[in-house]
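Using the hints, put the two standalone chains together into the complex.
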Amino acid sequence: MFIANYGVYIALVVLLLAATVLTPKLYDVNTIAVVMRQASQLGIVAIGQTMILLVAGLDLSVGGIFIMTSIVVADFTNGRDELVIPAILIALALGALVGLGNGVLVTKRRVPPFVATLGMLVLVKGATQAYTKGIPGGFVPEVLGLVNQSWFVLSVPLLLWLGLNAFFMFVLRRTAYGRKVYAVGSNIEAARLSGISVDAVRISVYILGSCLAVVSGVVLTGYVGYVDRFIGTGLELDSIAAAIVGGTAFVGGRGGLLGTIAGVLLIQLLSTMAVLMGLDIEVQFIIKGLVILGAVTLYSVASIEE
Amino acid sequence: MSEYILEMLNISKSFAGVQALRDVSIRCKPGRVCGLVGENGAGKSTLMKILAGAYKADAGEIIYKGERREGASAGEVIDSGISIIYQELALVPQMSVADNIFLGREPRHALGMLNLKELHQGAAELLKRLGISLDTRLPVRELTVAQRQLVEIAKALSQNADLIVMDEPSAILAGSELDQLFSIIESLVEQGVTIIYISHRLDEVFRIADEVTVLKDGELVDTRPVDQLDRATLVELMVGRPLAEIFPQTEHEQGELLLVAENISTETILEDASLELYAGEILGIAGMVGSGRTELARALFGADPLTSGEITLVGAKSARWSNPAQAIASGLVLVPEDRKSHGLFTSLSVRINVTLPILSFLTRFGVLQSPLENKIVAEAQERLSIVMASADQEAQYLSGGNQQKVVLAKWLETDPAVVILDEPTRGVDVGAKFEIYKLMRQLNDRGIAIVMISSELPEVIGMSDRILVMNDGRIVGEVAQEEATEAGIIELATMADAGAEPS
Numbered sequence: 001m002f003i004a005n006y007g008v009y010i011a012l013v014v015l016l017l018a019a020t021v022l023t024p025k026l027y028d029v030n031t032i033a034v035v036m037r038q039a040s041q042l043g044i045v046a047i048g049q050t051m052i053l054l055v056a057g058l059d060l061s062v063g064g065i066f067i068m069t070s071i072v073v074a075d076f077t078n079g080r081d082e083l084v085i086p087a088i089l090i091a092l093a094l095g096a097l098v099g100l101g102n103g104v105l106v107t108k109r110r111v112p113p114f115v116a117t118l119g120m121l122v123l124v125k126g127a128t129q130a131y132t133k134g135i136p137g138g139f140v141p142e143v144l145g146l147v148n149q150s151w152f153v154l155s156v157p158l159l160l161w162l163g164l165n166a167f168f169m170f171v172l173r174r175t176a177y178g179r180k181v182y183a184v185g186s187n188i189e190a191a192r193l194s195g196i197s198v199d200a201v202r203i204s205v206y207i208l209g210s211c212l213a214v215v216s217g218v219v220l221t222g223y224v225g226y227v228d229r230f231i232g233t234g235l236e237l238d239s240i241a242a243a244i245v246g247g248t249a250f251v252g253g254r255g256g257l258l259g260t261i262a263g264v265l266l267i268q269l270l271s272t273m274a275v276l277m278g279l280d281i282e283v284q285f286i287i288k289g290l291v292i293l294g295a296v297t298l299y300s301v302a303s304i305e306e
Numbered sequence: 307m308s309e310y311i312l313e314m315l316n317i318s319k320s321f322a323g324v325q326a327l328r329d330v331s332i333r334c335k336p337g338r339v340c341g342l343v344g345e346n347g348a349g350k351s352t353l354m355k356i357l358a359g360a361y362k363a364d365a366g367e368i369i370y371k372g373e374r375r376e377g378a379s380a381g382e383v384i385d386s387g388i389s390i391i392y393q394e395l396a397l398v399p400q401m402s403v404a405d406n407i408f409l410g411r412e413p414r415h416a417l418g419m420l421n422l423k424e425l426h427q428g429a430a431e432l433l434k435r436l437g438i439s440l441d442t443r444l445p446v447r448e449l450t451v452a453q454r455q456l457v458e459i460a461k462a463l464s465q466n467a468d469l470i471v472m473d474e475p476s477a478i479l480a481g482s483e484l485d486q487l488f489s490i491i492e493s494l495v496e497q498g499v500t501i502i503y504i505s506h507r508l509d510e511v512f513r514i515a516d517e518v519t520v521l522k523d524g525e526l527v528d529t530r531p532v533d534q535l536d537r538a539t540l541v542e543l544m545v546g547r548p549l550a551e552i553f554p555q556t557e558h559e560q561g562e563l564l565l566v567a568e569n570i571s572t573e574t575i576l577e578d579a580s581l582e583l584y585a586g587e588i589l590g591i592a593g594m595v596g597s598g599r600t601e602l603a604r605a606l607f608g609a610d611p612l613t614s615g616e617i618t619l620v621g622a623k624s625a626r627w628s629n630p631a632q633a634i635a636s637g638l639v640l641v642p643e644d645r646k647s648h649g650l651f652t653s654l655s656v657r658i659n660v661t662l663p664i665l666s667f668l669t670r671f672g673v674l675q676s677p678l679e680n681k682i683v684a685e686a687q688e689r690l691s692i693v694m695a696s697a698d699q700e701a702q703y704l705s706g707g708n709q710q711k712v713v714l715a716k717w718l719e720t721d722p723a724v725v726i727l728d729e730p731t732r733g734v735d736v737g738a739k740f741e742i743y744k745l746m747r748q749l750n751d752r753g754i755a756i757v758m759i760s761s762e763l764p765e766v767i768g769m770s771d772r773i774l775v776m777n778d779g780r781i782v783g784e785v786a787q788e789e790a791t792e793a794g795i796i797e798l799a800t801m802a803d804a805g806a807e808p809s
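Quick mapping for you: the protein sequence lines, in order, are chains X and C. Going letter by letter, the first sequence gives residues 1 to 306 in the numbering used here. Going letter by letter, the second sequence gives residues 307 to 809 in the numbering used here.
Here chain C stands alone, though its shape is the one from the complex (with noise of 0.2 Å):
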């Protein structure tokens, strides 16, 4: 019998071409909380998934409880005692909390029925060691975020897990739901139960953790004794690779104030964050996943409400908007995030995708000149270097890079000052990422200001003159690009209660 409950080794898998891991191997000891860190996209969530059966690694084993795993399928990963707790909780909202726990499980009578009694002293029990009180009749949709956090680890304990895998559970949780958390694993780790840890926040692995183990890029760096580590040599791991020499630099002095936000705070996590943007610069928007950088670009745009706070373009263009058409028509766009569900019209072709804005300006008595639509979507694919068989080609059909390229040209149409792109270069390859950098600096040079945000911190530090830093809904720090490091942004972004100290 081996050391280890678990032994994933040698492991690699590739999508489409895209290695998103390589020979990477983890192992983890009996009662343990084993730490696993990187960078998004570095390779943690595609290592779980499979673990949890989801995926199906290209090449390597595992090793569980002493025997080599074959091909298991996601229910017999969790009849053989593994559960995995995802970030997007698996709950149904409408049913009980009891309902839940024991969901495709229930205990019955003879005939089939459900034993209701039997339900409820189950789960009652379940949340009594996990040392909760919670009235097992209430519906999930009740419950607070870290409530339903707790019922998902009471369901992987009616699972009879011994290996429970947690992939950011730290995400969606404010300080003194986190110590519940941890003091949870903390008994859970005394009942015997593995945990693997999932966080970028480092914090919270140094505390929780007994070992880390830390992925880039889809490879392995390292597996060490916490004891053995300290935080920069962590952070050392995560990040440290040479910059990338692909972000190109121009000399531009810093223009005339273009854009201002004061004190402004939506109905989501954004709270109180205030920026200035000046023309023909970047400025980039740094932070973990959930911090409140999406909000923010959605907050400037008008997308999402202001509850408080004011946005203003000064100068010759001065305007106030409310909502994306006006936030539009004063000279700002959008690039969201999630290309496929915010910014893309999958199911229609590339020209209707392009002149979508525009439409008002191609139009005649609300009729399309077409000659004019053919010339500005021949010029836009010219300008962007668009890839496609014709015009009249549904999005669908692009490339990753080239349907981000689509969405880009729709913007600039419409003749912007202000460009917000959210994660401009997620799911984009390499090639079509440096275009969309030299796109970035000839709208630099037209005078127009850039918001970027990213996740990837040598984009962020490579294309920005200046960084806001955010964490938990707030802005906490600015860094002059020359002062970047990805150590310094980290720390800020992953500073525990940063956002509770007045900014």
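Here chain X stands alone, though its shape is the one from the complex (with noise of 0.2 Å):
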């Protein structure tokens, strides 16, 4: 079906020949290395939103994660740069039980992905306000603004993006652990009679989706520099809009990576273009929101077509 396919491609052309138009400020070496910064932060947890939505799950709790990383980071540092490292672990370790406990609840205790993962959301969230009494404290390291650095449009987050997406195409295409996640997301009972380990394949999905996360946190917090209780507000559901509108399907089974990249780079778009406007924030979640709707709407008309 060739809106399915392509629909998320054509509708970033018009976004951006649009944009002559409308932004022309939007094609300056500046904004766009901007637009790409903030893209990749986006676009990294959205590479674990997308894997998770391949198994036909879903997941709330990123947005706790970040704030337990940018917490951990520099609650553990107090700034100082040799830290940074072992934080990073500590940071990764936690996240892999929250993903850990998402795999679980939703394999083994067959809780819905989107109950499961919302409570976690609450308990990290709580677990980090209880641990700071609401203030956190500590300094961000320095040597994480190397995250800021950037060469034309190139950055540190953005080449992490395009690394992490290459790494995990390549898994999700030519491993074998690949073709089990989409063999689960596709049809459960056919993957467990055919020898597929397919709690195992789920859980294993939702630890690296959490850890995706935190690698997101990291960056954020290095671009904000300073702790922030709401870091990262909203991310969870953009990375979940940004796998859809790029043709993941929510019931599993179908999509890729490929279409995510598109689809975070349309709803990167979308907000850039809105504030260069001199749109009000309700107005830019007006468009978002149309812009999602219409896309998935225009998935549905197409696999009912089929």
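There is no bait here: all hints are sound.
Not close to chain C: a few residues of chain X, all C-beta gaps over 10 Å, as computed:
{"hint": "1", "residue": "A11"}
{"hint": "2", "residue": "L12"}
{"hint": "3", "residue": "T20"}
{"hint": "4", "residue": "V29"}
{"hint": "5", "residue": "M36"}
{"hint": "6", "residue": "L92"}
{"hint": "7", "residue": "K125"}
{"hint": "8", "residue": "Q129"}
{"hint": "9", "residue": "E142"}
{"hint": "10", "residue": "L159"}
{"hint": "11", "residue": "V201"}
{"hint": "12", "residue": "L270"}
{"hint": "13", "residue": "L279"}
{"hint": "14", "residue": "I286"}
{"hint": "15", "residue": "L298"}
Label-pair distances were calculated between CB atoms; the ranges are:
{"hint": "16", "chain 1": "C", "residue 1": "N680", "chain 2": "X", "residue 2": "E189", "range": "25 to 33 Å"}
{"hint": "17", "chain 1": "X", "residue 1": "T31", "chain 2": "C", "residue 2": "D698", "range": "36 to 44 Å"}
{"hint": "18", "chain 1": "X", "residue 1": "N30", "chain 2": "C", "residue 2": "F671", "range": "40 to 48 Å"}
{"hint": "19", "chain 1": "C", "residue 1": "D698", "chain 2": "X", "residue 2": "V29", "range": "36 to 44 Å"}
{"hint": "20", "chain 1": "X", "residue 1": "T31", "chain 2": "C", "residue 2": "A380", "range": "57 to 65 Å"}
{"hint": "21", "chain 1": "C", "residue 1": "A380", "chain 2": "X", "residue 2": "R229", "range": "51 to 59 Å"}
{"hint": "22", "chain 1": "C", "residue 1": "R747", "chain 2": "X", "residue 2": "E189", "range": "28 to 36 Å"}
{"hint": "23", "chain 1": "X", "residue 1": "R174", "chain 2": "C", "residue 2": "T574", "range": "36 to 44 Å"}
{"hint": "24", "chain 1": "X", "residue 1": "V13", "chain 2": "C", "residue 2": "K744", "range": "45 to 53 Å"}
{"hint": "25", "chain 1": "X", "residue 1": "E189", "chain 2": "C", "residue 2": "V673", "range": "21 to 29 Å"}
{"hint": "26", "chain 1": "C", "residue 1": "E573", "chain 2": "X", "residue 2": "G294", "range": "43 to 51 Å"}
In case anyone wonders, no lab produced these hints; they're calculated from the structure. If you're wondering where the values come from, they're calculated on a predicted model, not measured in any experiment. Backbone N, C-alpha and C fix where the C-beta goes; we use that ideal spot for every residue, glycine too.
Have a look at this one:
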């Protein structure tokens, strides 16, 4: 189906053409660099979100993981550069634990992913607030400011995003594990009867998703430069939207990272263009909502026609 | 006014070129029980769905209560006094008995609020009319299957049904529950209600029906009063066609003992089943739908955990297993009955479908070796003559026969010792059927043992070396191919309470 396969790319091209008239300022090296850096933060989370959607799951808990990551990095290092690596490892370990929790709830306890990860989101946010008593302390090490470096449009976050995309595209397309991810999402009973440990695959994908959220959280923390209780708010929904707009099916088994990249760029461009046009934040949300609904409606029409 | 309450005349219906019903007529007199029998796929359900307004007939007419019916919707059909109770009961488990009976037609107060008192009184009266006592406040999920069926009947009565169609009501009932159902049917008939009773259990038809209509391959065979029929004649009418000449035969001797299952039971209906399987043979499993055939296949494959008994692969590759992954590693494969929901990955490419169970063989350090995979997929396509645009085509776009070949190809790549086929030719056209039979013989020649479950008796008899007959979760008999007749197998498979006798 043409729309289902290429719709998001067409929308992207249309948006870029519209920008030449509406917001010519977009075509400035610095603006593009900013767009790409912000897209990278969203994009790294969206890689994990896409893989979770591929196994017919969903992860709302990533929002909690950003905050947790930010606090762990600032609190543990308290500004000391030499402790950045251990801090990131601790954040990854905690993130993996959250992902494991999500995965176990969804597979072993058969909790619907929406409910399991929503509960986990509240739990993680609550735990971070209990730990900080509401006032996060510590300082972000200077070395993390590296993420703000850019050469023309290239930046550390962008390179990281592209690198992770290349890696996970390879995993999804060319490895046995990737095949199993698609198989589990496409038909879980058939996958089980084919000898695949479906629970292990699903749990592993949730863990990967949480760890990618930690990576994005580190980048975001370096970008912001201080600890923020509300860091990354909205990225969980944007990452789901990016994957869905990019053609990954909500019911699993169909889609991939190429579409998600386009979805991420589409959502990021919409935000940036709205800012450049001086639109109010409310209007931005309305436009974003309309685009998501439009895309999803198109896919539904396309799949009904099949 | 006609003497019939319902006449369906010269009904024809086809789906995507397949003729499901051809010129079928059935007539029912008021206050009688009309039996409707036939093998699976004979067209019984299609005919009743046309009556229900769910399908539209391509040709023919329906005359109900003396009036010709024109394109009625499902709701209009119910309003006209026809209720259909399907095998898969349509109740809301969380809601109460009374809520279910009056679902969508709840009595209300003037302001639109539910009149709970009237709701429960009304439900209690209907249940009383059926001669059963049941708390109308109980949620339906707490009822037994038999009780749920009674709720469905009460619901039909609440809709003032004059004609109730029961689609294989006994498939889910045990002995005493069946007696209760029959006494309710008798009292309904006394109250002037007409019943169309669909079944393939012949005992029941003789016990309850006044006359029987037999369908076969979408055509009407005959309608006769029950007292002018005997069992043998009815069986003859149902299955009496010459064995099609499409089953390839090969000369082979029984091989070595390969697999032994001893007294296996699972949490399903399957109870105390034992069997032996020899290399290079086809063991047919016959029995009615719901007799435990699929459950036996799943138990052999480790898909349902055993609650008792054991299964062993004997000989050179002796092994045991307790889940599908281990079973596959031990050399067993299962091609499941429900291709779309249990066998095929419809949203994925043919390539991914075919190589999924052998990924470990195709990968080095987890990375797929593409040239090797391409070669294997090409060979599989060649060997099974799978018709597809390319290996990257999504499986959902293939025809039923080609989908089945993809599922078979996937399992043959694992080089199995035992292949379990559950309804291998369902929904498959005649040409593809023949190819599947040929393939089964080729597997036999390679020493592979096949367990084949099928509802098509000609197929079971035509292909199997030995046939096990299941009834009510148990294996009730074994028949050798030379001695097998359709009548004999149906007799074993439908004998009431056969499962309770020591086997």
